[in-house]
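*Asks:* To convert, note that position 212 of the sequence shown is 212 in the working numbering; the numbers rise steadily by one, no gaps.
Honestly, the hints are just simulated from the structure, not real lab data. All C-beta atoms, glycine included, are put in the ideal place defined by N, C-alpha and C. A hint or two may mislead.
[Stated by the list, open to error] No more than 27 Å apart at the CA atoms, straight line, and that leaves these computed lysine-lysine pairs for DSSO-like:
#	residue 1	residue 2
1	K212	K240
2	K209	K247
3	K209	K240
4	K240	K48
5	K212	K247
6	K247	K48
7	K209	K184
8	K209	K48
[What the hints assert, rightly or not] Per label pair, the in silico range of CB-to-CB distance:
#	residue 1	residue 2	range
9	G84	S175	29 to 39 Å
10	A69	D93	53 to 63 Å
11	S190	R156	50 to 60 Å
12	N173	Y68	50 to 60 Å
13	S190	V211	50 to 60 Å
14	G91	A62	32 to 42 Å
15	Q222	P143	50 to 60 Å
16	K209	P180	21 to 31 Å
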Amino acid sequence: MKTMRKILLSCLFTAGFSAIAAAQCTPGPNYGNGIYPDTTTNFVRGCKNTPYEQVVSIKVPADTAITYAGTSITAHFNYIEVQGVSGLPTGFDMQCNPNNCKFLGNDVGCAVIAGTTSEVGTHNLTFSLNANLTTDPLPVVGPQTINQPYQLTSYRIIIDEECTTSTTNLTNNASFEVFPNPAKGLVTISNLSDDGSVKSIHIFNAEGKVVKTFFTENNSIQFLSSNFTSGIYFVKVIQKNTQETVKLIIE
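Could you put the whole structure together from the sequences, leaning on the hints where they help?
*Replies:* Here it is, written out as structure tokens:
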């Protein structure tokens, strides 16, 4: 039978971000079959002792072509089950929607990895999967049900030690904008990456401490300056494994 590595890599994880609460998620846009982000982009970086959220939208195709007993046939996905994930930092957990982590063929679901950890470093993840498929009828034996386990080992979460910032590491000509600045009322952070990838946005006070964190897959976010005391802040955007920081004054 055709290797399930290619089948699963071509259909399983379509990842993006959204604001979530209590480790819950809602299936997002249908990105089509395929893996997003790819392993070059990978999951968003996190910071020590700072809340982390990663939403994974899962799109299972309706069917795939396989070779069975020397014959090329169509196999229909009944479901792909995420049986578990290992390698998560202490304090992180994964939950699915649907709760049993069985994602039906030709359907969309989601999972969320969330938590807070003090474990700095690179955490390589292993997802244990099982694909359940039914073939078209075969001569003599008829349709066959196939269970194919597989481990996906391409993803990682990097937790950084320092989530502080200062005027010494501001970004000249940052790719994103914060306006108005000085700010009063509604503040917009725009020109974020518009490819659907996750962005984590950390707001620091003048002492370099994180006071607010946002996660989004959109190309802009807004927040009220009235939720902050007047003063100098720094906005750090982490996207596509790059980090940029700009100064923000809240009146």
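*Asks:* Enumerate the violated hints, using their earlier numbering and listing them in ascending order.
*Replies:* 10, 11, 13
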